[in-house]
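Trainee: With chain L's structure known, arrange chains P and X on it following the hints.
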Amino acid sequence: MKINSALSFLTPKDTKFIPLLMETAALLVEAGNLLDRFFRASGKQQKEISELIKVQESKADKTTGRIFKLLNEIFITPFDREDIHELANNMDDVMDSINRSARKVIMYSPAELPKYTKKMAEIIQRGTVEIATATDELWTFRKNDKKIRKSCKEIKNLEELADSIYEESIIDLFHGDFKTLELFKLKEVLQEMEKAANKINNVGKVLKTIIVKYA
Amino acid sequence: MKINSALSFLTPKDTKFIPLLMETAALLVEAGNLLDRFFRASGKQQKEISELIKVQESKADKTTGRIFKLLNEIFITPFDREDIHELANNMDDVMDSINRSARKVIMYSPAELPKYTKKMAEIIQRGTVEIATATDELWTFRKNDKKIRKSCKEIKNLEELADSIYEESIIDLFHGDFKTLELFKLKEVLQEMEKAANKINNVGKVLKTIIVKYA
Amino acid sequence: MKINSALSFLTPKDTKFIPLLMETAALLVEAGNLLDRFFRASGKQQKEISELIKVQESKADKTTGRIFKLLNEIFITPFDREDIHELANNMDDVMDSINRSARKVIMYSPAELPKYTKKMAEIIQRGTVEIATATDELWTFRKNDKKIRKSCKEIKNLEELADSIYEESIIDLFHGDFKTLELFKLKEVLQEMEKAANKINNVGKVLKTIIVKYA
Chain L
1 MKINSALSFL TPKDTKFIPL LMETAALLVE AGNLLDRFFR ASGKQQKEIS
51 ELIKVQESKA DKTTGRIFKL LNEIFITPFD REDIHELANN MDDVMDSINR
101 SARKVIMYSP AELPKYTKKM AEIIQRGTVE IATATDELWT FRKNDKKIRK
151 SCKEIKNLEE LADSIYEESI IDLFHGDFKT LELFKLKEVL QEMEKAANKI
201 NNVGKVLKTI IVKYA
Chain P
1 MKINSALSFL TPKDTKFIPL LMETAALLVE AGNLLDRFFR ASGKQQKEIS
51 ELIKVQESKA DKTTGRIFKL LNEIFITPFD REDIHELANN MDDVMDSINR
101 SARKVIMYSP AELPKYTKKM AEIIQRGTVE IATATDELWT FRKNDKKIRK
151 SCKEIKNLEE LADSIYEESI IDLFHGDFKT LELFKLKEVL QEMEKAANKI
201 NNVGKVLKTI IVKYA
Chain X
1 MKINSALSFL TPKDTKFIPL LMETAALLVE AGNLLDRFFR ASGKQQKEIS
51 ELIKVQESKA DKTTGRIFKL LNEIFITPFD REDIHELANN MDDVMDSINR
101 SARKVIMYSP AELPKYTKKM AEIIQRGTVE IATATDELWT FRKNDKKIRK
151 SCKEIKNLEE LADSIYEESI IDLFHGDFKT LELFKLKEVL QEMEKAANKI
201 NNVGKVLKTI IVKYA
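Residue numbers (our numbering), protein chains in the order written: chain L, 1 to 215; chain P, 1 to 215; chain X, 1 to 215.
This is chain L alone, in the form it adopts within the complex (with noise of 0.2 Å):
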């Protein structure tokens, strides 16, 4: 019997949450990626590309459910069950938002899309790896939490970007010559994606808590 299994026989508290939080991130980051690529595909392959997303959200809404299952059934966990609970819950609002920003432009399929939904796109893909890298670090972050600090500040930098992204592509496109019934489109596709950006933020305010209590 080696020693790690032994020891994690003594501290089972930290080895099935944060499994779960890292699978569920790693979903985030596949959702991410396929975002992306999205964004920068032709029509036919949207459409494909989207229910690719829709798999990955489905994926995440097994992983967020057994985490809940858990806090009901174990009594020590690595860190304040109520951050567990808002931590799962907040990545799963990230891949909602995720699938509706591709399933919007799917629904609405506007004209053309400007290139402001690429730059939001690679925001919120480089988000979601954001949110990996410092669910990684839950592990050890209490010794060291350097880098999960650096993560939640990148992930603020971000959802700022997103933020001036979003206000300057709804001055552009208004201003421009586009027909009101496009714009109405392409506001519904960029607001959800600014909306994914934000519920990012959250996951990062969320973390951020974490490591405060008990770093």
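Careful: at least some of the hints might be erroneous.
Because identical chains cannot be distinguished in the list, a pair is counted as satisfied if it fits within a single copy or across any two copies.
As the list claims (entries may be wrong) - Straight-line alpha carbon distances no greater than 30 Å define the calculated DSSO-like cross-link-like pairs of lysine-lysine that follow: (1) LYS153 x LYS47; (2) LYS150 x LYS205; (3) LYS44 x LYS147; (4) LYS195 x LYS59; (5) LYS47 x LYS16.
Rather than coming from a laboratory, the hints here were simulated on the basis of the structure.
Mentor: Relative to the frame of chain L, chains P and X by itself:
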């Protein structure tokens, strides 16, 4: 003195919250029925029906308020106080969305209400019935959770159905030859109805959490 | 050593949170006043005023952050920590909505701002003043909750007023002869303002909860 009332003194925890939750659920069913009628009615009747929905909403506001007040006064609750809080909160959200679905038709007065709105109203109505059925089961689910599980599953199915009808409706309408203003109005109404189905699903999720904890 | 500071050592619970909540409330009042000015100002001044609102929002972000940090450090709080958390959270939401109300005007730049927007701004401004008045009362409401009750009631009235003005404005505008694009822009602005009134009411609800618990 009957044995029942003597026992009820010994188990105060079960006798206050569930009746209030059932009362709220009954108001939801009433509002759901009215919403269903609303989308089949003529413009004149609609105004009247929307007022009746508003009445249900005010009543539900009061039962919700009583639940919250009780949560602060009573120490022993039939299940976790945060779950009761969430349940009441989410039921309140359902009521708000039902009310707003009707209000938005009155406010924007679209030229016609496509079949999708009727389908959505029917789904919402069925969802409120499932909420009431499940709430009834809160007395006995610890012994037998079959019925409450069935309702939770049905609620999830209804939400998925609402989701796909919503997507289909937007795609269909935006590819038809409606005027932009008309599209905008219909989207506002359908989106609110989709939100109602979503909020019903949130109630289902809380019910599911309660079962998982205690069954 | 003054008696006051000696006592403050004995009652640390009261001396940290309420001042921070008051500080946040004061920033809300400032933002509310600016919003009121914003909707009466010319286009040029608006840009400037919207920047000033953003400054208040950043400041409030910091006080909110300090409240959350303190919640993790201090064991004894003047009232339930979850209520303090909710209060700070909801105040933050109010600030966000006030900021976004102004931003949306800048982003969409509607051709004119109908009288309804001015009325809504006035309601929001009055709501922020009531929040500040009620927050002040947190020191003494256990002895006398008359004033705080009055503010809560007034906040509820303001929300109902905002709700009916919002409905009236949409009905009126959509039955006028505005262009679709213009309607769309005005709806975005008015909806955000209605949301601000709603969030103010959420603050009122938390304050009400606190009174019910402790009075």
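Trainee: Now, for every hint given, state plainly whether the structure supports it.
Mentor: Hint check:
1. When the C-alpha separation of LYS153 and LYS47 is checked against a cutoff of 30 Å, the pair qualifies only between copies, where the shortest distance is 29 Å, while the shortest distance within a copy is 34 Å.
2. In this assembly of identical chains, the alpha carbons of LYS150 and LYS205 lie at most 30 Å apart only when taken from the same copy (13 Å versus 35 Å across copies).
3. In the homo-oligomer, the alpha carbons of LYS44 and LYS147 never lie at most 30 Å apart, since the shortest distance is 40 Å inside one protomer and 44 Å across protomers.
4. In the homo-oligomer, the alpha carbons of LYS195 and LYS59 lie at most 30 Å apart both inside one protomer (21 Å) and across protomers (23 Å), since each shortest distance falls under that limit.
5. For a Cα distance limit of 30 Å, the shortest separation of LYS47 from LYS16 qualifies neither inside one copy, at 36 Å, nor across copies, at 51 Å.
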